[in-house]
Amino acid sequence: MGNIIGKPISKTQHSFYLSWVNIWLSLPDPTPDQNTTDLTPTEQVKVFLQESSSHLPSYSALRRVASSFRRSLVNGQIPLGGVDAPSCSVTNLASADYDPNSNCTCNGLYPTPADADIACIVERADCTAIHNTHQTLQTVLKRKSEWNTTSLFSPRNLVEAVTELLLANVDVQDPPTTCQGPAEVTNLHKIRAPDRRPSPQNDTVDVIHRQLYPAAEDVKFCTDAKYYFVLGAIHSDPAHDGLIRAIADAGNDILVADYCEVADEATLKVLQQTGAAAVAFLKLCVLSGLFSEWAFDNMMASMLHFRVLGYYRDHARGRLPAGVYGSRMTSLTAHRYIDLGLFFAVASASVWTKQQVNETEYTLLSIACTLINDLVDLRSDTARKQRENVVLRGVRGNLCEYLDRVMFECLETATLAVQMNPTCAYVLMAFCNWAVMSSHHKVYEVSTQVSEVGKDAECLGRSRDHWRAYRGLLEALAPFGTLGKESPRVGQTRAELDFRYGVCRSSSTMHAAWLADITRSLLEPRTLRRIVDVVHFEWTGCEGEVDYCP
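In terms of my numbering, the sequence shown is numbered consecutively and its last residue is 765.
None of these hints come from the bench; they were simulated from the model.
Treat the hints with care, since some could be wrong.
[Said to hold, decoys possible] Below, in silico cross-link-like pairs of lysine-lysine (DSS-like), each with a Cα-Cα straight-line distance of 27 Å or less: (1) Lys-405 x Lys-600; (2) Lys-569 x Lys-226; (3) Lys-600 x Lys-435; (4) Lys-435 x Lys-484; (5) Lys-261 x Lys-569; (6) Lys-261 x Lys-226.
Throw the hints in and build the complete structure from the sequences for me.
Take a look at the structure:
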């Protein structure tokens, strides 16, 4: 069980945080010849704490703090998770200039040599994205004093993650067999899935969704990740809404990494600037005793690692074989430990639970969420030749047996995560909430719009193990309650879920019950099989724009 986090000494109102962001965005860039600040770092903390505790904070006083703090950052007086302050824009997580878009026009490196390593890939690939990834990795590793290398995110984690991504197309396997025979007599080479755009039929109309779930950037993909996952790991409460919103916005560079190719200049700038404002706000909260230093340091380290991975793009996708097949995969969490961005939800949940997580707990949580994520996206990632999917790369032997085994492992690790630590439980449930409610996962479509294409008694018989594991999950979820007949279900459209979730967010009891119920629904073995089992269930709807980003 993780350590206990001390209770914050003051409320952090949502309006107070938004005032800070508005001020930050309106400030002019510090001039190079201006080295002094209106307030010293000690005075900045004092005034910030005073205003955060006031019923009617002074806008002008907060502006003095923001202006001085921004200058202190430029002057190298403010570390962001490390011993030393950041010395370059790569390690400065409040720089507001992260844009990993390479505009590379290469067609990737494929086939990849069987004995390739990072150095070989970098040398042989004429790819700007790969070179930028490697260069940024080296920059981060050379500046270990500028981030917390003893956090949950170590230099070893980062090197393993980059290696896993760059070598994902090594050791390509033959297509698997199934209960229906060899791959060539099945449809495994042409798996179909809906695209990742919001659906006019199943998603809330944009103008209404923006009012239900407001965000500065006005991009549904980003809003989904924030409200259903990071903000979704804790109920809404005036006492902490400002802090939780800052946690969600501080991860904006994660969204930039995923979205930069299709973001217009204005949207990209909003994400960059509000993200920087949130990082600065949280640093002041740490210095003021309003937020955990443990949480902040891990957030910064995890985001720095994610920014490195964010430069990578697999430009060989167009030349890869289609269908279901395995390739190099060293472990479930080699890159997903970083690339799922889980720690921001951990930081959010810990504000409520007061519980930290240790490396063992975080690793198990990463395994459980990786399995959920990559099982849910199996059809989509196969159709798009997206080889980051760990479940897809892990395919070996008989696909029916493999998927049965992975679904069972998913249920078991999800149960352990819920049992292990309250923080892990809320993050796991919030992750399921995001998987179901976000537009791009298309869980409603791939669970309700598939048709059975083949039966096999042996395959169906193995589901008995899934039900035994599922009963264990139900027992673990029982303390979080249920909404009973009003429970959210995978079979409901995202539009219907949106309106009902908005009601439940403001009650800690109803919110916990909602999260538990939606986890029960997503991981129910019959539902999970319909989503995952590409052998026995086929999706045949309108594919739309398959390569739509995200």
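Next on the checklist: Just to be careful, I want the Cα atoms of Lys-569 and Lys-226 compared with a cutoff of 27 Å; is the pair within it?
Outcome noted: Roughly 15 Å separates the two Cα atoms, so the pair holds.
Checklist entry - Has the given pair, Lys-405 with Lys-600, been kept, meaning a C-alpha gap of at most 27 Å? => result Holds - the C-alpha atoms of Lys-600 and Lys-405 are around 11 Å apart, at most 27 Å.
Item to check | Given hint Lys-226 paired with Lys-261 - CA-CA distance at most 27 Å | outcome: 16 Å, holds
Checklist entry - Taking only the CA atoms, is the gap from Lys-435 to Lys-484 under or equal to 27 Å? => result 16 Å, holds
Next on the checklist: Just to be careful, I want the Cα atoms of Lys-600 and Lys-435 compared with a cutoff of 27 Å; is the pair within it?
Outcome noted: 24 Å, holds
Checklist entry - Holds or violated: are the alpha carbons of Lys-261 and Lys-569 at most 27 Å from each other? => result 25 Å, holds
The structure meets every hint from the earlier list without exception.
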